[in-house]
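A.B. asks: One letter stands for each residue in the lines below.
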Amino acid sequence: MTKFVTLTDPDPRFTEFIEKSNTLEGAKLAAAIPKEYVQPSLARGLLGLAASLSVYVGAIVAMAVLDRWYLVVPLAILAGLGGWGLHCIAHECGHGSFSRNRRLNFVIGHLTLVHLLYPFHAWRHVHNLHHAHTNSLELDTDWAPIPEAVYHRMALRDRMIYISVRTWAVWGGTIHHWLQSGLRPSYFPKREMRRDARRSMAFVAVVGGAYLATLTYFTGWQGLLLYFVAPWFATHVWFSITTLMHHSAEDIPYLTSEHWTRNASKLLVTTDFVYPRWLLFLTHNISLHTAHHVSPAVPFYHLGKAQAALLQAYPEMMRVEKASARKLWNILRNCRFYDPVSGLYSTRPMRRVVPQQKESA
Amino acid sequence: MFGRNRTATIDGPLTHEKLRSWLIAELARMVKIDQAQVDTAKPFQAYGLDSRAAVQVSGALEKVVERRLSPGILFDHETIDELADHLVGELQLERG
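Note that the protein sequences, when read in sequence, are chains A and B. Everything in the first sequence is counted per my numbering, starting at 1 for the first residue and increasing by one. Everything in the second sequence is counted per my numbering, starting at 1 for the first residue and increasing by one.
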């Protein structure tokens, strides 16, 4: 793909990024985070799990008991927030920061992804690939843009999916990702990864299947829709928007292999979003994300302190911003295609480009 | 299975020669020619390998080298010789 991305006129913000990246060469970023912040506390992890499970189950029970049509949407959004919190607990388990016990991490990880029918090991492996290649244009597994010239050569179905999940159907980004990697063991390069993914898929088929069959038996198709599909969908809305916003902004590049460095991928390509305290609590500090990329073993309840330590060590390097709908709108409006001219994103979205000659395809 | 033309596999430790042989077999399979007709110094595109097929080869190659690769790796390294040399360097393989 790098054939298409020889930068012809790098944007000053791209150049500034590369200068910052160069200054990080050889730095031991994780050393800025005190060792005690990497210690997990099972009790605090379980408390987080209980909070999210209560929100998820509570919202669904409220939907059933109150039985008011006008409460369905707000309660589904609330259930989605609980579901997203459960995913954040699975995220801890995937990084081994929920508990020191690997088996317990795997058990809790599988259980906290059942409501999404997401096979834990498939998610864990693809997430590790994301950590290993964050904002690599060619290798990142999450939200990597493509050059517009490549887009115009794609099949119609692929073009529709690509542009939809970056605009009006942003909620579908993680659903598409789930179909591509979560339910397809062949996605993974290593044999052990494919074996793990198949095992987790079997778990989801048995446990998730039994849950859905029981739910449908007692509440009918309407119950399945209200108490499973609506929270599932709402969880993906939180999931998609959060993961998109973590590493996308008009001035945060996805990098070709010649510019990508491990340290920059940990420190420079993430935005930490400040949420209200209650939302930080219910999303288990997932938006304080730079410290997580620098040291994925930091449990969620230490991320605030880890962020402060990193800010002290690298004050000019980190991005901490208040979350807002406007920031999401900017990403959806301006961050659709990789721009091989500036190294950032195409500034004229959806412009028609003349396809390159076939020899360069 | 069922007479399908399957991707070749590599037994034992990966070496430069095995990787090169795999690429020859895979290219021959994709463009439906005899392996003896494959010139390892000839660009992939000269065999009529389109971008979709190139991405498929890179996907199959990921499983051989057991690491994630750029879908466009066949565009960056345009011949079997170039690609095998690049991977040998990346993976620190023996040139045996």
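No lab work stands behind these hints: they were computed from the structure. Keep in mind that a hint or two might mislead.
To be verified - Simulated restraints on C-beta separations:
hint: 1; chain 1: A; residue 1: 324; chain 2: B; residue 2: 42; range: 16 to 24 Å
hint: 2; chain 1: A; residue 1: 38; chain 2: B; residue 2: 91; range: 51 to 59 Å
hint: 3; chain 1: B; residue 1: 39; chain 2: A; residue 2: 35; range: 39 to 47 Å
hint: 4; chain 1: B; residue 1: 59; chain 2: A; residue 2: 19; range: 32 to 40 Å
hint: 5; chain 1: B; residue 1: 59; chain 2: A; residue 2: 211; range: 27 to 35 Å
hint: 6; chain 1: A; residue 1: 319; chain 2: B; residue 2: 90; range: 54 to 62 Å
hint: 7; chain 1: B; residue 1: 25; chain 2: A; residue 2: 279; range: 50 to 58 Å
hint: 8; chain 1: A; residue 1: 26; chain 2: B; residue 2: 66; range: 37 to 45 Å
hint: 9; chain 1: A; residue 1: 54; chain 2: B; residue 2: 47; range: 21 to 29 Å
hint: 10; chain 1: A; residue 1: 308; chain 2: B; residue 2: 42; range: 25 to 33 Å
hint: 11; chain 1: B; residue 1: 29; chain 2: A; residue 2: 39; range: 47 to 55 Å
hint: 12; chain 1: A; residue 1: 168; chain 2: B; residue 2: 39; range: 24 to 32 Å
hint: 13; chain 1: A; residue 1: 20; chain 2: B; residue 2: 9; range: 19 to 27 Å
As the list claims (entries may be wrong) - Chain A residues, not near chain B, derived (Cβ > 10 Å throughout):
hint: 14; residue: 139
hint: 15; residue: 241
hint: 16; residue: 277
hint: 17; residue: 333
Backbone N, C-alpha and C fix where the C-beta goes; we use that ideal spot for every residue, glycine too.
A.B. asks: Taking the hints in turn, state whether each one holds.
C.D. replies: Consistency of the hints with the structure:
1. 324/A to 42/B: 16 to 24 Å: violated, 54 Å
2. 38/A to 91/B: 51 to 59 Å: violated, 31 Å
3. 39/B to 35/A: 39 to 47 Å: violated, 56 Å
4. 59/B to 19/A: 32 to 40 Å: Taking Cβ atoms as reference, residue 59/B and residue 19/A lie about 36 Å apart, which means the hint holds.
5. 59/B to 211/A: 27 to 35 Å: Holds - the Cβ-Cβ distance for residue 59/B and residue 211/A, about 33 Å, lies within 27 to 35 Å.
6. 319/A to 90/B: 54 to 62 Å: violated, 32 Å
7. 25/B to 279/A: 50 to 58 Å: holds, 54 Å
8. 26/A to 66/B: 37 to 45 Å: The hint (37 to 45 Å, Cβ to Cβ) is violated, given that residue 26/A and residue 66/B are roughly 28 Å apart.
9. 54/A to 47/B: 21 to 29 Å: Violated, at about 60 Å.
10. 308/A to 42/B: 25 to 33 Å: violated, 58 Å
11. 29/B to 39/A: 47 to 55 Å: 52 Å Cβ-Cβ, so the 47 to 55 Å window holds.
12. 168/A to 39/B: 24 to 32 Å: violated, 48 Å
13. 20/A to 9/B: 19 to 27 Å: Since the Cβ atoms of residue 20/A and residue 9/B sit about 44 Å apart, the hinted range of 19 to 27 Å is violated.
14. 139: Not fine: 5 Å to the nearest Cβ puts residue 139/A too close to chain B.
15. 241: holds, 25 Å
16. 277: It holds; residue 277/A is separated from chain B by about 38 Å at its closest Cβ, greater than 10 Å.
17. 333: Residue 333/A is indeed farther than 10 Å from all Cβ atoms of chain B, at 27 Å.
Hint violations for this structure: numbers 1, 2, 3, 6, 8, 9, 10, 12, 13 and 14, all remaining hints satisfied.
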